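Student: Taking the hints into account, I'd like the entire structure generated from these sequences.
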Amino acid sequence: MGHWLERNIVEPGKLPLLLALAAFVLTFVVTRVITRLIRAGRGPFGNVKAGGLHIHHVVPGVVLVVVGGFGAVAGGRQGFGAALAAIVFGVGAGLVLDEFALILHLDDVYWTAEGRRSVEVVVITAAMVGLLLAGFSPFGVNDLSADELQDRGAVIANVVANFLFSLVALSKGKARIAIFGVVVPFLGVVGAVRLARPGSPWARRFYPARPRARARAGLRAYRHDRRWARLSRTLQDWIGGKPDRPEPARLPGRR
Numbered sequence: 011m012g013h014w015l016e017r018n019i020v021e022p023g024k025l026p027l028l029l030a031l032a033a034f035v036l037t038f039v040v041t042r043v044i045t046r047l048i049r050a051g052r053g054p055f056g057n058v059k060a061g062g063l064h065i066h067h068v069v070p071g072v073v074l075v076v077v078g079g080f081g082a083v084a085g086g087r088q089g090f091g092a093a094l095a096a097i098v099f100g101v102g103a104g105l106v107l108d109e110f111a112l113i114l115h116l117d118d119v120y121w122t123a124e125g126r127r128s129v130e131v132v133v134i135t136a137a138m139v140g141l142l143l144a145g146f147s148p149f150g151v152n153d154l155s156a157d158e159l160q161d162r163g164a165v166i167a168n169v170v171a172n173f174l175f176s177l178v179a180l181s182k183g184k185a186r187i188a189i190f191g192v193v194v195p196f197l198g199v200v201g202a203v204r205l206a207r208p209g210s211p212w213a214r215r216f217y218p219a220r221p222r223a224r225a226r227a228g229l230r231a232y233r234h235d236r237r238w239a240r241l242s243r244t245l246q247d248w249i250g251g252k253p254d255r256p257e258p259a260r261l262p263g264r265r
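Residues 11 to 265, numbered by our numbering, are exactly what the sequence shown covers, in order.
Hints were generated in silico from the structure; no laboratory data involved.
None of the values given here were measured: they were computed from a predicted structure.
Some hints here could point you the wrong way.
Here are the simulated SDA-like cross-link-like pairs (lysine to any residue), alpha carbons at most 20 Å apart as the crow flies [as the list claims (entries may be wrong)]:
| no. | residue 1 | residue 2 |
| --- | --- | --- |
| 1 | 59 | 118 |
| 2 | 252 | 121 |
| 3 | 252 | 112 |
| 4 | 252 | 239 |
| 5 | 252 | 59 |
| 6 | 252 | 83 |
| 7 | 252 | 131 |
The following label-pair restraints were derived from C-beta to C-beta distances [as the list claims (entries may be wrong)]:
| no. | residue 1 | residue 2 | range |
| --- | --- | --- | --- |
| 8 | 55 | 84 | 29 to 37 Å |
| 9 | 113 | 238 | 43 to 51 Å |
| 10 | 238 | 54 | 48 to 56 Å |
| 11 | 171 | 51 | 50 to 58 Å |
| 12 | 203 | 53 | 48 to 56 Å |
| 13 | 23 | 177 | 24 to 32 Å |
| 14 | 215 | 54 | 52 to 60 Å |
Here a beta-carbon is modelled for each residue, glycine too, at the ideal position from N, C-alpha and C.
Tutor: What follows is the structure, given as structure tokens:
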């Protein structure tokens with residue numbers, strides 16, 4: 011394990027990326043735990059306010075991202091400075107993306123159904139960085155044997171091919187398949203050959219004159235969402251907490 015870490019992480023200069031990912035995930039987990047305790051009224055924690063203004067944790071997150079990003083550019087890829095900048099950047103990114111939905115909607119939707127978007131973005135970001143970290147890239151690794159070069163070259167060729175299929179899947183409205191299809195064999199192909207989701211760029215471009223394709227795409231999307239939406243919501247609620255229930259609508263003139 012130590013040899014693999016030295017050869018594939020430290021030697022190619024991926025240690026800052028590993029530290030940033032660890033800080034990112036840990037910050038998100040700790041932040042969610044604290045916010046859920048505040049919501050439940052437990053523990054010593056509370057919302058940060060200044061003059062009656064609620065200071066969201068995205069604010070210090072942006073500051074840390076700026077400091078860590080510029081520190082990483084100035085400090086290079088090696089040494090204590092690079093490691094420290096990576097940790098600062100990871101902490102800031104965790105705070106920012108935990109409130110991604112707030113930035114997207116420009117409203118405090120943290121505990122609403124729209125707030126689930128933050129959990130989705132954090133999970134996808136962590137997965138992508140993890141895949142990048144574990145990638146078998148030959149660049150930066152010294153003294154590779156002929157077999158290692160051949161193996162890693164084949165992996166890179168597969169990634170390039172998968173990337174092209176993933177672009178097609180992305181145009182068909184299948185973002186998750188497109189992201190993971192870059193590195194998972196045949197996943198991008200599956201997303202590329204199947205019908206596009208209604209409203210996707212592919213559907214708008216190629217389905218206007220194909221009513222049967224539009225009908226099949228709508229039916230397939232409905233069945234897919236019906237099958238997997240509940241599981242997805244359950245997983246998001248487990249990670250980020252259940253959103254608040256919307257208040258029931260009141261009829262005009264009634265109290």
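Student: Would you mind marking each hint as holding or not holding in the structure?
Tutor: Consistency of the hints with the structure:
Note on residue 59 and residue 118: the hinted pairing holds, with a Cα-Cα distance of about 15 Å set against a maximum of 20 Å. Restraint check for residue 252 and residue 121: the C-alpha separation of about 7 Å stays at or below 20 Å, so the hint holds. Our distance criterion of 20 Å between C-alpha atoms is met by residue 252 and residue 112, whose separation comes to about 16 Å. Of the pairs offered as hints, the one joining residue 252 and residue 239 holds, with about 15 Å between alpha carbons and a cut-off of 20 Å not exceeded.
With a CA separation close to 24 Å, the supplied pair residue 252 and residue 59 exceeds the 20 Å bound. The straight-line distance between the Cα atoms of residue 252 and residue 83 is roughly 39 Å, outside the 20 Å bound, and the hint therefore fails. For the proposed pair residue 252 and residue 131, the alpha carbon gap of about 17 Å is at most 20 Å, so the pair holds. A beta carbon spacing of about 34 Å between residue 55 and residue 84 agrees with the range 29 to 37 Å that was offered as a hint.
For residue 113 and residue 238, the hinted distance range of 43 to 51 Å is not satisfied, since their beta carbons lie about 26 Å from each other. In this structure the hint that residue 238 and residue 54 lie 48 to 56 Å apart at CB is violated, the actual value being about 39 Å. Distance hint for residue 171 and residue 51: a CB-CB separation of about 53 Å, consistent with the stated range 50 to 58 Å. Here the CB-CB span from residue 203 to residue 53 is close to 51 Å, well matched to the stated 48 to 56 Å.
A hinted range of 24 to 32 Å holds for the C-beta pair residue 23 and residue 177, which are about 28 Å apart. For the pair residue 215 and residue 54, the supplied restraint of 52 to 60 Å holds, since their beta-carbon distance comes to about 55 Å.
Checked against the numbered hints given earlier, this structure breaks hints 5, 6, 9, 10; the rest are met.
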